[in-house]
Every structure is written in structure tokens, then in C-alpha cells.
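Colleague: Chains as they are written, first to last, in my numbering: chain A, 1 to 285; chain B, 1001 to 1285; chain C, 2001 to 2285.
Worth flagging that the hints you see were computed from the coordinates, not collected in a lab. Here a beta-carbon is modelled for each residue, glycine too, at the ideal position from N, C-alpha and C. Just so you know, not all the hints are guaranteed correct.
[As the list claims (entries may be wrong)] Now the stretches of chain A that chain B is said to cover, found in silico as 3 or more residues with beta-carbon under 8 Å:
(1) 37–47
(2) 201–215
[Claimed, not checked] Far from chain A by the CB rule (all over 12 Å, computed), these chain C residues:
(3) Arg-2017
(4) Arg-2022
(5) Asn-2035
(6) Lys-2092
(7) Glu-2096
(8) Gly-2107
(9) Arg-2114
(10) Arg-2122
(11) Lys-2194
(12) Lys-2246
(13) Lys-2249
(14) Ala-2251
(15) Thr-2269
(16) Asp-2272
(17) Gly-2284
[To be verified] Some chain C residues flagged as far from chain A (calculated, every beta-carbon gap over 10 Å):
(18) Glu-2015
(19) Arg-2024
(20) Gly-2077
(21) Val-2110
(22) Glu-2144
(23) Gly-2148
(24) Val-2163
(25) Val-2187
(26) Ala-2245
(27) Gly-2253
(28) Ala-2255
(29) Val-2259
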Amino acid sequence: MKKTTKTTKEGLRREIREAVRRVRKENPMAPSITNTVTINLVANAQLAVGGSAAMVYLADEGEAMAALGGAMYINMGTMLPVYAETLPRTVKVLAEQEKPWIVDPVGIGVGGLRASLLLGFRADKPTIIRGNASEIIALAELWELDTGKKSGGVRGVDSTDAVESARTAAVSLARHTGGAVAVSGPVDLVTDGKSVALVEGGSKYLPMITGAGCSLGGVAAVYACVASPFVAALTATAIYDFAGAKAEKDANGPASFQVAFLDALYQATPEDVGAQHFSLETVGK
Amino acid sequence: MKKTTKTTKEGLRREIREAVRRVRKENPMAPSITNTVTINLVANAQLAVGGSAAMVYLADEGEAMAALGGAMYINMGTMLPVYAETLPRTVKVLAEQEKPWIVDPVGIGVGGLRASLLLGFRADKPTIIRGNASEIIALAELWELDTGKKSGGVRGVDSTDAVESARTAAVSLARHTGGAVAVSGPVDLVTDGKSVALVEGGSKYLPMITGAGCSLGGVAAVYACVASPFVAALTATAIYDFAGAKAEKDANGPASFQVAFLDALYQATPEDVGAQHFSLETVGK
Amino acid sequence: MKKTTKTTKEGLRREIREAVRRVRKENPMAPSITNTVTINLVANAQLAVGGSAAMVYLADEGEAMAALGGAMYINMGTMLPVYAETLPRTVKVLAEQEKPWIVDPVGIGVGGLRASLLLGFRADKPTIIRGNASEIIALAELWELDTGKKSGGVRGVDSTDAVESARTAAVSLARHTGGAVAVSGPVDLVTDGKSVALVEGGSKYLPMITGAGCSLGGVAAVYACVASPFVAALTATAIYDFAGAKAEKDANGPASFQVAFLDALYQATPEDVGAQHFSLETVGK
């Protein structure tokens, strides 16, 4: 007599544990097209949770990896000229093969190519969108979705908005794509447009290492190989909050934190991640 | 009755402490166009001292970041084709907006694009030039400035000249640009063309981790957001010498050193950095 | 009365110790054209064993570094458009100057540019080929050499074949090039087409850090500056197996392992590496 588990916390916890377990067992490959600053951390975080990594730049390689991988991670942090061709062709294969894909709109607001590609993703509907509050609000604005407020202007890679301020934008984005949105901050927010989970934990050091958010996106792609978009985004967020809190205890600063954090990702059990504290709310129409 | 502090050690110490303090408080962004080998370390070092990082490759993004940042770091380590367009356009915006910018002529002597861009920087006059002795001498030669000796030939990324041998070249470069020059070595040399500071400290491990010099340049860019070129270069050098000496005590080799070094950058107080030993000399005409 | 040492274990051990010693003393430069995911680890591993590193992308810089370096490392992990020009021109200089060069066919089977370049290397005959079993078999197939079995299809970056299954392919490749082949796996295999060495050691963590194999290739290039292809490949493999086993004792997970591993590379003495256990067999015709 298994009940629908979609909107209960206990059901979600079960699915989180299952996602962690399956990734450790099945070693799914989630290829990336990602920025050169944090590309190494993305790969190592994906390996630490039990996944496989492969990074490419060229258009035909993006297409090949879209076909080979279980899900794909696209991070817009450092645009290269070849991306004008690579990203649309890769996303086309992802759509044709109905593969989950994660977009991280790092640097939204800076430069013409990034803006043009992100605008194109409005119709492509990425499965999971991950960003900090500023980026999520900026993407909802770019796509002319409801953000619950009026704002504008260029935004960099830093997080200037509190997560809560991005709630309406996140819900709008998730309803538009039919997938999930994960917003990183002191408290993390994950939504599928119907429910909103607020996840606690993490560490003061996470914003002090470059690539904490990028690698969370890569890890979400790994979980998206074996779980629904909402559960994948929630599992990635929960394992980061668990590992961050654990690693902070052993850290003397951001670098020893990063080492302890990756070790903690590697050591985290399904039970550890499934037990991470979060609240769950249903979103009104 | 505040006296001019320009050429007294106590005045410089005060300005160093103030630079460290202001960066921790104001979190200034110093974007980079930098090599792919050490890009992650540059970003993490900038974050560790309290700054913000953002790395780009495309021309319009270079222009945007020049306008957004408080200062910019340009490292020539790994040239890409797009740099032929990106670097001149970025430097033009930096000049128009009178933003400080730091050049690290890594690999000077190798390849045509790097030589052509570095030659162009002669007229653009970067605010701070950072390199090892070989690179500083080679740049002074490329710009046909006085190096105090006759030499020539191709130079790689290693440091084959002692810092002292680059003193004349460094002073010549600083006088030409009107900014500052920082030369890294067993003893570090920083000059604004009028004064020369020799800073002690550091670690035998610093030359054994790739990117020690690159990340010092990125950190100098962070301090250049809040301090004069000379003080910014001196503060970056002093915090590196402080953190290097501190980290060596906890290290078993270059990798544990790098972790301890970034942690030490993060932990360093204004007083720690301001107390770092250096000598100060006035340069003759 | 020095005897030929080519096929005796004791002779090889002597040459391994000598390679480790000479690199620590002579600090040879082995430049790389390598992927952006693990480029930092490649450089730091090369420094840790006592070599020098320099990474480039542009064609004329590849040519310059081929001429400047003692040996060169070419890793196919992340293809960029400029590689279509850079790799052939670099390899041409390496051939003209009879410099050793190492190819790591990461990602073989993915994309047209990589396939085309790797096919061209058939005639260029790289001095050392390094890969996991899947990659070595795939390269032998691409070059239409004997692999001892029938197989085919696309292969990613993961190691799906046991090292032993790549023995015939490795021997075929070594006989074709006249150089050496190193196959990484739970037991490592190194061959010059006449002898096969099987090296034990390493760590369960090595496959869990991205770039373990890439950096081994870079380290092999460093040793190729001072030793024969077979001894260089064997020395790199042996120091990795030594350092891996040593580092695992201090590790809590893959990230603390990587730190301890690089430290162990740095600490390893000629005697440590020369004493690493391996078996040696003569290959039949």
C-alpha cells in the first residue's frame, strides 16, 4: 500500500536516500560544459558522490556527450566563442533524447553571448536551474516571468539577494520549465513550482570557495540521472548542506574546508543525506 | 597633524593595515583575464583575502568587467585566440575609466600574440606589473627601457634571475608607467620608481606550487581597488610572505602547504600583514 | 664490466632511481598541451617530482615549447578549435628535433577533431602512449593494430576494461611506435613491445580524483627528459604507485588523498621509487 510520496517530507526523504544509493551503485555519467575556473571542483565533486564526469567544449562533442550521459550540466561562467555553436547543438540533442539538463546562469547580465544563449533556453526549458538569488531573479526577468518585484540592472557572480527574495522568481521558473529550481544561500530553496523546500545546513565557508555553487549544479546533474528533477535538486542541496556542516568542524579556513568538504561528500551515506533538515511548503496558485 | 606617509616605513605599515582592513570590509571585485592553469587558485586567493573574483575570456565581457570591477588582473600565461581582441578592448575601457590594472607577463618571449600584446601595453601603462626577475627584465627589454645590463633571448615561466638583478628593470618600468612593479623571489622587491621595498618571508614551497605568483597578482588587483599601486603591490607581497612563512610550519609538502597557505591568507589580520618585515630605500635619479 | 641492463629487473631499478635523481637535480621542463579539467594537477605533479611545467594552446607557442622543452605532454581531454592547428604543428617540431612526446588519448571515440588528430598520430609515432585499458584498446583499434580481440564502439573517459585485457593492444602500439605504452589500472602495465612490466601499488582513491591519469602522463614527460621511453613510463608509474599507497594511509577521502598524494610525490626518494614492486616478462614474437 505505497502512497504517493510527492509532497510529503517522509516520501522525499525516501527518494533522497534512494538517489544517493543509486548513484553510488550505478556510477552514472553526467557530462558538463562548464567554466574553466571551477571545472576541476565540479568533476571531483561529481566523483565524490559516486558519479562520472566528462567535460567538453566542441559542438560535436557536446552532442556526443548529450547522447552518452544520463544528464548534462551546462554552466555559463566563462563563455568561449565556440559556445555559440556548442550550446544550441548540445541542447537540441538533449531535447530530442529527453535527457535532463541543468543550467547554471553564472554571470547573467554580463556580455552578449551569454544573454543570447540564456534567452534561447527559455524555449528549451532546462530541467533544473541552479543559481544564487540574484541569478535566479535575473533569469526570471530575462524570461519575462513573475519575480514578485520590480528590479533590473547588471548582476555579477556574487549573491546580493537573500534566497527568500528569489522565491517568486524560482517558482515562476519551475512552472515555466516544468522542472525544478535550486537557489543557494544561507538557507537553500528548492522548488518544482508546486512545493518549496527550504534546506538548512551548509557552512560559512561555502561562499568563500570558488565553485561551491557550480559543483552543486554538477552534482545535481549526477542525481538527475537517477531521480526526478525536484528530488535531484533537493538531494544535491541536502548533501551539500550535510557535507558543509560536517566539514566546517575540521576546517581552519576555506582551503582546509574544501578538502574536508569533498571528503565529506565522499563519506556521506544515504541516511546522512536523507536526514538533513528541511521544511516543505505547498505553493499557492 | 598627519604627515605625508609616502616614504616612511611606519606610514606604509599604516597603509598596508588599512588596505587589508578595507578589503575584508568592502569585498571589492577584481575581475581577471587569466591563464587556465592557475585560474582556480587566483580566484580562491582573492576570496581568501576578502575580495570578489570573476573571470572572463570574451571581448565584450572584458569590457563589462573592466567597468564593473574596482581593478582588473590580466595574466598572459595561456594565450587563446580570442585574446587578440579581448585584451586591447578591455584595456581601452580600463584606461577610459581610469581603473587600476595589473599585468603579469607570464611566458614573455614565447609566441607572437603575447609579444604583440605586451608591446602594446607599453603605451597603455599598466598600473602594477608583477613577475619574477626574468620576466621583469624581459619586459623592460621589450619596452626598450634601462635594465642595467645587456642580455636577451627567450625566457620561459621559471625564475632564473635573482630578484636583485631585476632592480634596475623594475625601477625603469615603474618610472615609465607611473605605477608600481612587484618582483617575486627569495626576497621580494616592490617599487614605485622612487622607493624600493625589499620584503622578507615566504616559503621554499611557494615556487613549488603552480600559481603562487599568478595568485599574488590577483590579490594585488584586489588591494588596488582600495589602495595606491605601490601600497597594493606591497600589501599583496607582504600578505604572501606572512602566509607563506606561517603555512610552511604546517606543511609536509607543496600540496599541504597550498592548503595551509590559503587558510593563512584567510586568517591574516591587518596587524599580521602590517608587521611583516621589509626594508625601504630611496632610489637615486 | 657494466652489463646491458635492458631486460633485468635490477637494471631497471637502477635506471628508475637514476631518473628520479636526475629530475630532482636537473629540473627539466616538460611543457604540456592538456585539458582544462586537470591542468593544475598536471602542473603541480610535474613540480612535485622536480620538473618544470608550462602549458600552451596556440600553434606558435606549441612549436616554441616543443623546441624549449626536454619532452612534451599532449593530452586530448578537452579539445579546443585551435588544436586543429596547434597539435600538428607542435608534433612536427617534436619530430624534427627528435624530442620525446607523450600522448594521452583521453576521450577517444568522442568527436571528429580528436579522432582525426589521433589518427594522424599513427604516422607521427608518439614516444609514450598513456591511457586506461579502454583507451589503449581503442587507440590500437583506430590504428588498425592487433588488440587480441574483436570489439568496437564509442568509449568515454572511464576505465571499463581491465588492464590485462589491453596487453596485446599495448604491445602492438609499442611495437608500432618503437616507444613505450603505460596502461593504468588496479595493476599497471608498462611495455616497450619487448618486455612487459606489471606494477603494483597505488590506491583505491586514485580513480576517484580527476586527473590521476593525466598527471601521470605529465610526470612521464618529465622523466622522458632524462630517461628512455620505457624507463620514463615505468618510473612515472612506479612513483604513482608508491605515492598512492603511501597517501592512502593518511586520507579520509579523495580530497585529503590528493593533498597527501602530491606531498608523497614530493617526498619520494630514488630509493623509494626504485624499490616499488613490479614483475617483468619478456613478450613473445
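Colleague: Does each hint hold? Answer for all of them.
Modeller: Cross-check of the supplied hints:
no., hint, in the structure
1, 37–47, "holds (count 4)"
2, 201–215, "holds (count 4)"
3, Arg-2017, "holds (32 Å)"
4, Arg-2022, "holds (30 Å)"
5, Asn-2035, "violated (7 Å)"
6, Lys-2092, "holds (23 Å)"
7, Glu-2096, "holds (29 Å)"
8, Gly-2107, "violated (7 Å)"
9, Arg-2114, "violated (8 Å)"
10, Arg-2122, "holds (21 Å)"
11, Lys-2194, "holds (35 Å)"
12, Lys-2246, "holds (18 Å)"
13, Lys-2249, "holds (15 Å)"
14, Ala-2251, "violated (8 Å)"
15, Thr-2269, "holds (26 Å)"
16, Asp-2272, "holds (24 Å)"
17, Gly-2284, "holds (36 Å)"
18, Glu-2015, "holds (33 Å)"
19, Arg-2024, "holds (27 Å)"
20, Gly-2077, "violated (8 Å)"
21, Val-2110, "violated (5 Å)"
22, Glu-2144, "holds (22 Å)"
23, Gly-2148, "holds (26 Å)"
24, Val-2163, "holds (19 Å)"
25, Val-2187, "holds (21 Å)"
26, Ala-2245, "holds (19 Å)"
27, Gly-2253, "violated (3 Å)"
28, Ala-2255, "violated (3 Å)"
29, Val-2259, "violated (6 Å)"
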